[in-house]
Amino acid sequence: MGTIYSFKEIADDEVDTKSEIEAHISKGEMVVTFNDTYEKDVEQYYDKLGKFFQEYEPDRVIKGKMYPSSNAEIKIYFKEDATFSTRSEQLKQDVIDKYVDAYPDLAGIDTSLIPKDNIDTNSFNPVNKILMNRVVANLRAARIIPQIMVLMIYYTVYSLALDIFAGDRERGFFTKLLMSPISPRTIIWGKLLTIEAMAIVSSVLMFFMMFLASWLNFSNDALSLLPFGMLMLPGQLLKIAAICISSAMVMIALCVWIIFDLQKPEDITVNLQLPLATILIELFIFMIRPGNPVGIEYVLPIHNGMAAIYSIMLSTDTVATTLVTVLLNVLYTVLMLSQVLKKEEF
Amino acid sequence: MITVNNITKSFTKDTQTLKGVSFAVKEGEIYGLLGPNGAGKTTLMRIISTLIKPTSGDVTICGLDVAKNVLEIHRKIGFLTTEVKLDPLSTPDQLYDFFAELYDIDKSDADVAKEKAFEEFGIAPFRKKRIVDLSTGMKQKVSIAISLIHNPPVIVFDEPTNGLDILTQKQVTDYLLGLKDKGHAIILSTHIFSVAEQLCDRIGILIDGELKAEGTVDELIEYTGTKTFEEAFFELYVKNHKE
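First to last, the sequence lines map onto chains C and U.
Read left to right, the first sequence gives residues 1 to 346 (the numbering used here).
Read left to right, the second sequence gives residues 1 to 243 (the numbering used here).
Derived from the structure by calculation, the hints contain no laboratory data.
Treat each hint with caution, since some may be false.
To be verified - No farther apart than 25 Å at their CA atoms in a straight line, the calculated lysine-lysine pairs in the DSS-like style are these:
1) U:K212 with U:K227
2) U:K68 with C:K342
3) U:K13 with U:K53
4) C:K343 with U:K53
5) C:K264 with U:K13
6) U:K68 with C:K343
7) U:K76 with C:K343
8) C:K264 with U:K212
9) C:K342 with U:K13
10) C:K342 with U:K53
11) U:K19 with U:K239
12) U:K53 with C:K191
13) C:K264 with U:K85
14) U:K85 with U:K53
15) C:K191 with U:K242
16) U:K182 with U:K76
17) C:K343 with U:K19
18) C:K27 with C:K79
19) U:K68 with U:K53
20) C:K343 with U:K85
21) C:K343 with U:K13
Could you put together the complete structure from these sequences and hints?
Right, dumping it as structure tokens:
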């Protein structure tokens with residue numbers, strides 16, 4: 001090993017072993033070494049290059065055909081986990097730019113034709129690494145997050161609807177509210193919007209917790225439940241938000257429909273728990289299901305929320321799948337709520 | 001002040017819960033509906049209070065048709081029942097303020113009324129306690145205070161003393177008599193003879209959805225040829241109840 005180049009002013013004789021190189025790179029520094037005969041090799045290379053140009057047309061050289069080889073060797077040591085893009089830019093400026101100009105000038109070649117980005121600095125960029133992790137993480141997370149989010153929304157809706165509609169009616173407090181000079185529809189809408197808001201808050205919190213769980217899991221093993229680097233793009237987040245809101249709407253409408261259609265608390269509880277059990281079963285099915293959701297899955301209420309979020313996380317969704325899910329959920333909501341609000345007696 | 005005109009109500013095609021009930025209640029009068037369980041008292045009270053729509057017939061309160069002026073009627077009526085409970089996790093203070101807002105009562109007026117009502121019912125020491133932690137009697141007193149928050153001219157009280165201890169019963173009946181003296185028209189349903197005798201100016205006997213007799217306690221005793229009000233009721237019941 002010969003000359004050692006480091007971005008931290010290190011004396012030549014200071015670093016000369018593999019372990020010392022490792023000590024530097026683990027701190028996020030980059031170490032560049034040249035082989036012992038580097039300068040001699042470069043000189044020989046120029047000689048070869050000169051002869052080469054005397055024999056061949058320059059355009060063939062530029063195309064890279066029959067390009068003369070060299071024994072000159074530059075080694076760059078760095079640790080992927082600890083080296084950041086600023087450091088790689090420094091490398092480009094201090095090493096690549098410095099040496100890339102040397103031989104083409106001597107060879108008489110137009111240097112503007114030589115690409116200067118010999119090292120792809122993106123490979124040093126943590127954002128780029130995250131995007132690579134994202135592919136694995138999102139794929140795995142898609143098998144669990146949509147179902148957990150839908151389950152969480154339904155659980156919130158179910159427990160709140162049971163208390164503030166069925167519970168209030170059972171307690172008689174609903175009658176007290178109905179006796180106030182506020183119309184029954186206004187009272188019901190107030191309660192519906194409260195549940196919707198709480199369902200949205202719970203789904204946002206659930207998504208954030210899942211995101212945090214993925215980012216606190218430093219393993220990007222594909223077999224990990226939530227591998228490192230799960231990431232949604234803003235457009236995907238907006239689509240997921242729209243689906244969560246519309247799913248919460250359809251769930252609220254279903255719960256309220258059941259509550260106002262039945263009288264006995266035990267009947268109401270059993271009927272409200274059926275979708276909960278179905279979602280739980282689906283949670284396990286989604287973990288092993290193959291392929292993308294098929295068309296009919298976007299039509300089934302509640303299930304379509306899971307299917308749509310699943311395909312968004314896999315980036316296999318289309319505008320149509322999201323639109324169909326949201327619009328059908330709104331339609332189901334309107335149909336069920338209109339049945340409830342048509343009632344004259346609550 | 002209250003006119004009930006030929007009210008019928010059928011929940012199913014085969015049965016009729018109310019069969020053409022008619023009566024009227026004047027200002028400053030307590031009208032009692034007395035009848036056994038299942039006679040249709042609660043259904044009738046709920047129809048008067050706009051909670052249920054009658055199959056036929058009409059009810060007017062302060063000249064307003066109940067079916068057509070629901071929200072207006074809510075400002076003129078106070079509906080109380082022992083079945084109506086309050087939100088268990090709220091405090092009397094919070095509930096009073098909440099309902100004052102629903103009734104659009106000015107905050108300062110509501111505060112004054114609240115202090116007066118809480119003092120009158122002895123709620124003041126428990127105003128910061130949750131409803132779930134209050135005794136049954138105290139819950140009922142809070143419920144009454146809140147139901148009358150808007151000082152309605154008409155009060156509909158379904159089974160006012162159900163489940164209450166004798167001290168609270170006395171407080172409630174005294175309060176109702178006080179309201180009567182202030183000119184409120186009160187309809188109450190009960191199956192307790194002593195309550196009916198003590199409170200009501202006139203009593204309607206409701207059996208199997210029909211008003212079988214109506215009058216003061218003395219008139220009913222005279223009508224049936226019995227010696228006591230209790231005997232009068234049983235005489236009417238035996239004569240009119242169909243198995």
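Problem set entry | Violated hints, by number in ascending order, as checked against the structure | Numbers 8, 15, in rising order.
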